[in-house]
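Undergrad: Take the given structure of chain A and dock chain B to it, following the hints.
There are 2 protein chains.
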Amino acid sequence: MSVDVAIILVSPQLGENIGAASRIMANFNFADLRIVNPRDGWPNSKAEIMSACGIKVLENAKIYDRLHDAVADLEEVYACTARARKMYKEYVGLKDHISDIKDNGISANKIGVMFGSERCGLLNEEIIYAKKIININTDDKFPVLNLAQAVAIICYEYYHCLRSPIDKVSKYKKRDAKMSEMIFFLETLKDNLDETGFFKDEDRKVKMYENISNIFVRNDLSGQEIRTLVGAFDALYNFNKK
Amino acid sequence: MSVDVAIILVSPQLGENIGAASRIMANFNFADLRIVNPRDGWPNSKAEIMSACGIKVLENAKIYDRLHDAVADLEEVYACTARARKMYKEYVGLKDHISDIKDNGISANKIGVMFGSERCGLLNEEIIYAKKIININTDDKFPVLNLAQAVAIICYEYYHCLRSPIDKVSKYKKRDAKMSEMIFFLETLKDNLDETGFFKDEDRKVKMYENISNIFVRNDLSGQEIRTLVGAFDALYNFNKK
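Chains as they are written, first to last, in the numbering used here: chain A, 4 to 245; chain B, 4 to 245.
Read the hints as simulated data drawn from the structure, not as lab findings.
Hints may contain errors.
Since the list gives no way to pick out one identical chain from another, each pair is judged satisfied if it fits inside one copy or across any two copies.
The calculated lysine-lysine pairs, modelled on BS3-like cross-linking and capped at a C-alpha distance of 30 Å, are [as the list claims (entries may be wrong)]:
1. Lys-144 <-> Lys-113
2. Lys-98 <-> Lys-113
3. Lys-98 <-> Lys-144
4. Lys-134 <-> Lys-210
5. Lys-210 <-> Lys-193
6. Lys-65 <-> Lys-144
7. Lys-59 <-> Lys-144
8. Lys-113 <-> Lys-135
9. Lys-59 <-> Lys-244
10. Lys-208 <-> Lys-244
Extracted from the complex, chain A is given alone in its bound form:
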C-alpha cells in the first residue's frame, strides 16, 4: 500500500509540540507536515530545538492561514480528537480504524490527519472536513492527550499499517551450541555438586539434577555462554583447593 499521509496541526500553540511532531514524523518516515495558523508565528525557534532528526520535516512544513487550503489537495481527511461530538459522523477507535485499513485497504492515495490546538482540540467547524473522527481510546477519566504524543501514536500506527516492510523481525541469533556441549556442562556440574554433598541423598539427587538441567536446557544458550558457565562453575569448584 503506498499512501501519502499528511499531518495537519490546526492552530498549535507550543513550538515544542510542533517540533516533537516533526521529529516523530521523521522517525516513521512521514514528510508532509502542514501547520494552520500557529499561535506564535513562523518560524519558531522552540520547534527547531525539539525537532532533532525531524528538522528537515520542520523546514519543509507548509504554513496556512486557513484549514481548507491545508486540506485542499488531499483525498481523505481524518480528525483526531478525544471529545465526542454531536455530529452525524463516524467516530472510530484508532485500533478499529487500523484493522479496517488492514482488512479493506484505503480508498485514497493521499490522506491527512488533523489535530487541534492544545487548549481545546479541533473545533466542530474544523471537523467538518473529516471523513471520520478517530479516537485514541484511553482511560475514561483522562482522555486528553498531549498533542505531540497523540501525533506519535497516530504516526506509529500508520507507519506499521501503511509503510512498514514485512515486520523486521530481529530475533536473537541462533544458538550454535551442540547438545553435546550442554550435556558435558551438566554432567560436570552434577559430579562436582555431588562431591560437595549438595544433593544430600540419591533420591533428591535425581530430582534436583532434573530441576537444574531444566533451567539450562530450556534456555537458548550459545556455545560461548556454555563455556562461560563451565568456567564460572569451575572457578568456584576449585576455589580454596590446594
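TA: Just chain B, lined up with the frame of chain A:
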C-alpha cells in the same frame, strides 16, 4: 489479564519529558512511575507543568538512586531501546511483542519497562536486568524517538493489549520470583567469582558479568529455581573451605 505495569525512567534529563510521561500514563491508566537518578533533582517544576492530568502519577512517582532498587519487586523487566546491542538477548519489535502477549499471555503479574536517558539511552549495564529488548520499529534512518513519545507508544500498546478482553489463558505458569531475588543471586555470584580470580581484570569483569547476567535474566526462573541455583553455587564456592 490483570498485569501491573511500571514505567521506569533511568537517568532522565528533561523535566518536560518526565512530566509528559506521567501524563500519558494517566491517559492509559497506569500509575506506577519510577525514576532513577533524575539529572535535575527532585521535585522538578518543569515536570509538574507538563504533567497536566498526570500530576497524581507524578506526585506518587518513586525516586531511586540505583536501578536495581527500582526493579527489585518486579517479576519481569523489558528494555525499550532503539540501538541494537551486542548482547545475546532477545530483541523484538513492539508489534511482535504485543502479538506474542495476545497469543500467549504474559507470565508475570508485575512488569516494568525501562527507558534510558535522552542523551544515550539505556546502558548495557542497565539492560542486563531486561528479559527482552523491545524496539519500536521505525524508519531505519531515524530510529531515535523522543523519550516522552516512546513512553506514549508503549503505554498505548500495553493499554490495548492488557486491558482488552483476552480469552486465552496464559500458557505460562506464573513465575513467583521477584527481581530482588534475581539480583541477590547475581551479585552474590559476581562477588564469589571475583574472589576466585575468575574475572582476571576489571575490563573483562564488566563484560563477563553482563554475559552471565543475561543468561539467567532472560530465562523465566521461578523463585524455587533461583534458590536451587543459589544453593548450587554456594556449595561449589564453599567446597574445600575450612
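Undergrad: Hints first: check each against the structure and report whether it holds.
TA: Each hint, compared with the structure:
1. Lys-144 <-> Lys-113: The answer is between: 23 Å across copies meets 30 Å, while 34 Å in one copy does not.
2. Lys-98 <-> Lys-113: So Lys-98 and Lys-113 pass the 30 Å test inside a copy (20 Å) and across (25 Å) alike.
3. Lys-98 <-> Lys-144: both (19 Å within a copy, 27 Å between copies)
4. Lys-134 <-> Lys-210: both (18 Å within a copy, 27 Å between copies)
5. Lys-210 <-> Lys-193: Intra 12 Å, inter 27 Å, cutoff 30 Å: intra and inter.
6. Lys-65 <-> Lys-144: between (35 Å within a copy, 23 Å between copies)
7. Lys-59 <-> Lys-144: between (37 Å within a copy, 13 Å between copies)
8. Lys-113 <-> Lys-135: Within. Shortest intra-copy distance 15 Å satisfies the 30 Å Cα cut-off; inter-copy 37 Å does not.
9. Lys-59 <-> Lys-244: neither (54 Å within a copy, 58 Å between copies)
10. Lys-208 <-> Lys-244: both (24 Å within a copy, 23 Å between copies)
In terms of the numbered hints stated before, the structure departs from hint 9 and from no other.
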